[in-house]
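Line by line, the protein sequences are chains A and B. Counted the way our numbering counts, the first sequence spans residues 1 to 492. Counted the way our numbering counts, the second sequence spans residues 1 to 333.
Think of the hints as simulated: they come from the structure by calculation, not from any bench. What you are looking at is a predicted structure, and each value in this text was computed from that prediction instead of being measured. A few of these clues could be false.
Among the chain B residues that face chain A by a calculated CB cut under 7 Å, a handful are [as the list claims (entries may be wrong)]:
| no. | residue |
| --- | --- |
| 1 | S204 |
| 2 | I210 |
| 3 | L211 |
| 4 | G212 |
| 5 | G295 |
| 6 | V298 |
| 7 | A303 |
Just the calculated beta-carbon pair ranges, DEER-fashion [said to hold, decoys possible]:
| no. | chain 1 | residue 1 | chain 2 | residue 2 | range |
| --- | --- | --- | --- | --- | --- |
| 8 | A | P301 | B | A23 | 24 to 32 Å |
| 9 | A | Q441 | B | I176 | 17 to 25 Å |
| 10 | A | G286 | B | L267 | 32 to 40 Å |
| 11 | B | R325 | A | E482 | 31 to 39 Å |
Glycine residues also receive a C-beta, built at the ideal position from the N, C-alpha and C atoms.
Spelled out, the chains give:
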Amino acid sequence: MKVLEATGITKLFPGVVALDSVDISFEPGQIHAIIGENGAGKSTLIKCLTGVYVPEEGSVEINGQDALKNKELFDKIAYVPQEIDLFGYMSVAENLFIPYEKSGFKGMVNQKALEEAARPLLAKFQIPVEPDELVKDISVSSQQLLQIARATVHEDYEVLMLDEPTTSLTTKDTQILFDIVRQIKSQNKAVVFISHKLEEIFALSDVITVFRNGKKVAYSEIGQVDIPWVIRQMTGREVDQNQVFCSEKVTDEVLMEVNDLTGERFTDVSFQLKRGEILGFSGLVGAGRSELMQAILGYLPVYKGTVRIDGENWKLGDPTFSVKHGYIYLPEERKKQGILPVLSIRENISVAVLDRLASATGISRKKEDELAQNVIDTYDVKTPDAEKEIQFLSGGNQQKVIIGRAMTCEPKVLVFDEPTKGIDVGTKAEIYRLMKELAEQKGIGIILISSEMDEIRKCSNRIIALYDGRKVGEFPATADKEEILSAIIGVG
Amino acid sequence: MNNEKSRSSNPIINALRKSNMTAIGAVLVVMILIASVTSPYFLDIYNLQSVIRDLAFVGMIGVAQSLLLLIGELDLSVGKIASLCGILSGMMMVYYHWNPWLALLVSLICGLIFGAINGLIITRLRLNSMVATIGMQGVYGGINLVLTKGKAITGIPEEIYFLGKGNVGPIPAPFIFCIAVLIIVLFIVKKTKTGRYIYAIGNSREAARILGINVDKIRVLIYSLVGLISALAGILYVARLGSSQSAIGENWPMNSIASSVIGGVALTGGIGNPAGALIGAAIISIIQNMIVLLGVNVYWQSAVSGFVVVIAISFGSISEILRERKARKVKVG
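Whenever a hint applies, use it, and build me the whole structure from the sequences.
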């Protein structure tokens, strides 16, 4: 008997097939692990199964009924998202019972009754807080457990979906969580467990499904497989994708030297970047890679440590200085931190180098137009003209504009933070080729932050692994995928 | 991409489209037509001069306010800065017998400083601009009361009267200043680095910082400029009244924001053209003039003018709603 059965789920995003006719089903009393690299389609699948997204093709049946037609069926699924989405300035009890369907009179909230009702739940989940404490004041671990408690408050759920529930839990709390999950399983509910941590998956789940590039690539009972099998399925050793894009003109000259850098999300990180090199940074989401690079830019604070670039002692905490002296950061959050959405391509490019475009009466429009056209031609941006608002370009073309803009600043060090996020396979290769060219021809140093193992191994000359804000390994590009993967999930 | 079609090869037309100015200009023309048809007195030269004199003040402040809206902020203390600078100029001229021109210059500098104080408080203490300037308007208004004990300062030297009361040919003098302010602001916005940075910050403050733009410096600069323009409007109003009063600029914060929004400047930042704020100010001034000319009961005037302003502000979002409906129809079929 299946409580939830999805067949032929296909979900398209502009330029990307996020899910490619996926079949999956969950049974009561079973813990079903879902694993895959970042971008493999796990989150999209969850969103399709919880009614957030409507898939282009396929069906979702809950208890044998079509859930896409009757949305109320999705109430049977309790979903705990990866990010904490509690209300910080409301109490623990209020957070548990919002939107207060069963508290006193209609439209009234009885604070005392809420708090009394919260106590047994807090005890069950072993959350060491009082019901009247504000959520912002309790530990992250407690918040995580509270999220799960909240999702299961209504006991009529039949599927519990946990999206990476242990990322902010200590070992002890993880054990508490596992006990609770096993209890829930014994109540004949189906549990879906999404995680990057292989040990946890093997400790907890009954069956496992592996995703890669939007496809379901493997399904098995957990007893019949081992960790190497899972990693093999996850990463997939396609022979046809063996083309590498690492720089072939790495010099011996140290371009950038980072010593014992410590900030809020990273600790004692040291590394060197050579001129002409592409240096990969591998790690899980939240490992501190972006924060490290943003701190060098001056966007985030540095507590201690030093940076030298091209023989110059770097002034930390001042993005204007960094950009002017050749450290350019291309953000992962392209839409929020990269593009200026309602401005034209021309304005998006010129804003970085206005000093060079000066004329007697302000900014020379002629020079500006030439610059924009030059970027469009050089980086092969597909657009009718430079006046188009950048928000209407595809992700790949936006990325090319941003790379072009960075290059007009004449950088010494260029940081690509997840440069191919949300970009289709064809354009990905173009971006890789571009990075290689820039490293080889312009003699700059490139730092590549990527969560895609294939990408980072294809493009980097060396790979540094970060785990929980610390450097846990440095690998040559030829290193085994398994070796790097173990390092970034904290096994090595 | 349906915006492809709407693009013309003429850059001026494109610019007008982008800033929503043609639509709002058309609204202004229609308002003028309605006003001249419904009231025979509207086109009377004295009436027109009085309308234009009024709109010069709201327009000036509106143009200044639009700069702040472009970076996604606003200043509610503009009116109090204006009246305080007016009072300061009055005290210097009347109580201390300063040379009037020197007094005006010093008052302008005071306005610049008050604006800079706003900017520094907001950027350094990381405050929300609205909350901070509500507080600061209390401070400036309070200093005002301490200095004047609520009394007007009369006996302003007559040699400066023409700045507020006078005409250059048929054009009221304050309007000349208003146009000068607009031209300077437009030059900054369209032709200088600072102007580009304003739009960049309004589009995404984070992206601007990552690009190496000194975001806080630009913000303080704009607050200072807004303070300066407020002071200018304040002393021109003193010249118009022939006395310094604490009540000057009472409605300016709200009217300046309304003018900007009517003129197509988005409250969220990054979108719009300061020239729109002047058109918006003209629309508001004509509405208020018509209410008087049509003999609306004096107790009803405020309610009616408020209601019409809300309608005027809605033009932009109504056209957006209609556009979305149309797009939905095309897609659903």
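Right, here's what the structure says about each hint:
{"no.": "1", "hint": "S204", "result": "holds, 6 Å"}
{"no.": "2", "hint": "I210", "result": "holds, 6 Å"}
{"no.": "3", "hint": "L211", "result": "holds, 6 Å"}
{"no.": "4", "hint": "G212", "result": "holds, 3 Å"}
{"no.": "5", "hint": "G295", "result": "violated, 44 Å"}
{"no.": "6", "hint": "V298", "result": "violated, 43 Å"}
{"no.": "7", "hint": "A303", "result": "violated, 33 Å"}
{"no.": "8", "hint": "P301(A) / A23(B): 24 to 32 Å", "result": "violated, 46 Å"}
{"no.": "9", "hint": "Q441(A) / I176(B): 17 to 25 Å", "result": "violated, 57 Å"}
{"no.": "10", "hint": "G286(A) / L267(B): 32 to 40 Å", "result": "holds, 34 Å"}
{"no.": "11", "hint": "R325(B) / E482(A): 31 to 39 Å", "result": "violated, 55 Å"}
Hints 5, 6, 7, 8, 9 and 11, counting from the list given before, are not met by this structure.
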